[in-house]
Structure formats: structure tokens, C-alpha cells
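K.L.:
Order-wise, the sequence lines are chains C and L. Start counting the first sequence at 1; every next residue gets the next number (this note's numbering). Start counting the second sequence at 1; every next residue gets the next number (this note's numbering).
No wet-lab data here; the hints were simulated from the structure. Keep in mind it's a predicted model, so treat the numbers as computed, not measured. Ideal Cβ placement from N, Cα and C applies to all residues, glycine included. Please note that the accuracy of each hint is not assured.
As the list claims (entries may be wrong) - Lysine-lysine pairs mimicking DSS-like chemistry, simulated, CA-CA at most 27 Å apart: (1) LYS61/C - LYS3/L; (2) LYS82/L - LYS61/L; (3) LYS61/C - LYS61/L; (4) LYS61/L - LYS3/C.
Unchecked claim - According to the in silico footprint, chain L covers these stretches of chain C (three or more CB under 8 Å from chain L): (5) 53-61; (6) 167-178.
Claimed, not checked - To give a feel for the contact side, a few chain C residues facing chain L, derived at Cβ under 7 Å: (7) GLN48; (8) TYR64; (9) TRP183; (10) ASP186.
2 protein chains.
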Amino acid sequence: MVKPLEFWFEFASTYSYLSAARIEDACAEAGVPLVWRSFLLGPVFGAQGMTDSPFNMFPVKGAYMWTDIARCCSDLGLPFAKPSSFPRGSLLAARIAAAHADEPWVGAFVRAVYHANFAEDRAIADDAVIAAILDEIGQDAAEVIATATAPDGKAMLRHATEEAVERGLFGAPSFVVDGALFWGNDRLEQALAHARAA
Amino acid sequence: MVKPLEFWFEFASTYSYLSAARIEDACAEAGVPLVWRSFLLGPVFGAQGMTDSPFNMFPVKGAYMWTDIARCCSDLGLPFAKPSSFPRGSLLAARIAAAHADEPWVGAFVRAVYHANFAEDRAIADDAVIAAILDEIGQDAAEVIATATAPDGKAMLRHATEEAVERGLFGAPSFVVDGALFWGNDRLEQALAHARAA
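This is chain C alone, in the form it adopts within the complex (with noise of 0.2 Å):
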């Protein structure tokens, strides 16, 4: 019995845009069902006493990072361009992609976010950002905000965020199959085994 594959992603996270560019079509391939579990990293960084990314904690392991991410987007065939600001803030992407995470659109908005963050240098943080990409990608920007940002659609992104902690997650890109924890663009093929042979 195949389970399926949660993908828990932050759009500031780099790593998670390898992830989001490829998930929809690994899935598929495996035949593993595919959840989008959009949350925020501060609070789960937070929790452990961090106040910012890691990458800008610890300057040396970031700037391996910068290189890292060029090198495995070259190899995924992904564009990039290193943000002019990082961690971007990602508050309204996130409520939007955990408010509308059944909508069939969903795969195509979060890869249009990281791809405005990661490849075309775009201020995710700015609502307008926001609404333009939901254009591009044939959505009504005000109606898809207004459900996002009403009550119930903020409660779902803030009690996913606290699922995170809960769960022991403490970095993005992870995946959770079957409650098993996996962490990390590079665990991907693995816990997609993990899903099939559950």
C-alpha cells in the first residue's frame, strides 16, 4: 500500500525551490500521492533559539550554500540568480499555499513563488508581488488573498507551522511519510521509497 508524501516547504528556503521544481513529477512518476504542507521556518528556527536563517548564522557554511544551490540547480537544469535579500519574507505565499493546498493550481503558484525568489530576484515579501504571480498563473489575486488572510485561512498556516515543531522538523525542505521524518532536497528519492514500501 503506497502512502503518501507530505512535502513540508518555506519559500525563503533555497533548498526547498530544488524540491518544489521537481516534486509534482516524482510523485507522479512513483505513483506516491503528493500533500503540500506549506509553513514558516522563523518560528520552527525559533524554537530551537535560532533568530535567523542558519546561513546567515554561520557565514561560512552560507556562502558553501550560495555555491551549493548554483551548482544543483545547473545540474536540475533550474535558472537561478542569488536574491539581492535573504530569507525573504514569505508570510502571504505561505497562508496562500496552505490555504489553497487542495487547489489544482497549488503546484503551479508555489513553483511560480520560488521561481520569482530564487531565478528572477522578485520581492515575494510584497503583496503585489503576490497578486502579480497569481495572474500570471490564470488565479484571481483578490479572491485567492481574501481566503488566505481571512481568520480560518490564517489558523492554517499557523497551526501547520506549529504540526512542524511538534513533529521534529527543523529545516526545509522535509518530508514526512507514514510519520517517518526525512530532511533535505538530497532525501527526496529516499522517502519516496520509504511512501512505496510503507
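Guided by the hints, dock chain L onto chain C, whose structure is given.
P.N.:
Showing chain L alone in chain C's frame:
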């Protein structure tokens, strides 16, 4: 023109165990010359303001690491038993690997020390355990240790560790190919590809 691959490793490092177990075969298969670069992570972490393993400083991440390393060992067919002490002191073993890096038996020694630490839960910080391992691989323990702990031998590890900091290493395992840094067992294949393309 194929470039050599420098394998930077620390005997206390769990993920270095995964690379150490397979790197000699992987390099031989790829036709890439292998350079063993033993170093100490403690001073490297210290240079970033850390006083312990990040896996101990961030326990949520540490808990995941032990699950992940067990799964990765299983995938690679490697025996694994969580060590009762972590991270174990590795000074003598690291000095031996640094001072004898060009000996034909260095690979066997490196693998035996990792196996002792991560499959047999042996106290590799104890000189007697290291001497026993040298005996097990057919080396003259007294002679090997004498060379590694003479002033010239000690200097080799100290200089290697200084070089690691200067070159922007921040963890282990790391691979350096033609000046390019690759971090983590998950990047061994990328580093090998770089060595063949450089």
C-alpha cells in the same frame, strides 16, 4: 584531464563514516585519484563560534541525524550501532591518518576506525583501542604511533586543520576538487563528476 579528489574527514563525524566506507572504491571506479585529508572538526567549529557538535547544540536536528544515519547505513549495507559517546575524541587516529596519508594501508586504517566507532561502539579516543586497530590491520602499532606523535607527525594534522579553516571548510566529510568545495556524503558523486570534468 582528471583532477584528484581530496577527502577531508574527521573520525568523530557520522556522515564521514558513510563516505569513508565507499570512497576508495568510488574513486577507483571513476578513475579519480584519491587524497586522504585527515583533520579535526573541533577547531573548525571553534572558528565559527561553536563549542560542541551542532548535533548536540541543536538536539532536534541531532535526534533526526541518528535516524537518518541509520537509514543511510542500511541503504549502503553498512553496519551501524549508535555510539554510547558522541562525539568521540579522535586526536591520535587523526594524527595517524595525517602522518601516514600516503601509506597503502591508510584506507584500511580509516575504515577500521570508523567501523570501531560507529558499528562496534569502541572507544576510539583511547590509545589502546587505536593500537589494537593497527594490530588488526597488520601494522606495527608502536612504530606507526611513534611517527604520528613525533613533532613532525603532530605538525601535519595541525597544518591540515589550519588549511581546512583557511579553505572555508565547515564540516565533514568535505571534498575538494581543483579548489572547489563539496560538503557532505551526498555530494561525493557531484565531486567525482567535477574531478572528471575539471
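K.L.:
Run every hint past the structure and note whether it holds.
P.N.:
Against the structure, the hints come out as follows:
1. LYS61/C - LYS3/L: holds (25 Å)
2. LYS82/L - LYS61/L: Since the Cα atoms of LYS82/L and LYS61/L sit roughly 16 Å apart, the hinted pair holds (cutoff 27 Å).
3. LYS61/C - LYS61/L: Roughly 16 Å between the alpha carbons, so the hint for LYS61/C and LYS61/L holds.
4. LYS61/L - LYS3/C: Status holds; Cα separation ~25 Å.
5. 53-61: Contact hint for the segment 53-61 of chain C vs chain L: holds, 3 residues under 8 Å.
6. 167-178: With 3 residues closer than 8 Å to chain L, the segment 167-178 of chain C meets the three-residue bar; holds.
7. GLN48: Because about 5 Å separates GLN48/C from the closest Cβ in chain L, which is inside the 7 Å limit, the hint holds.
8. TYR64: holds (6 Å)
9. TRP183: holds (6 Å)
10. ASP186: holds (4 Å)
Consistency note: the structure conflicts with none of the earlier hints.
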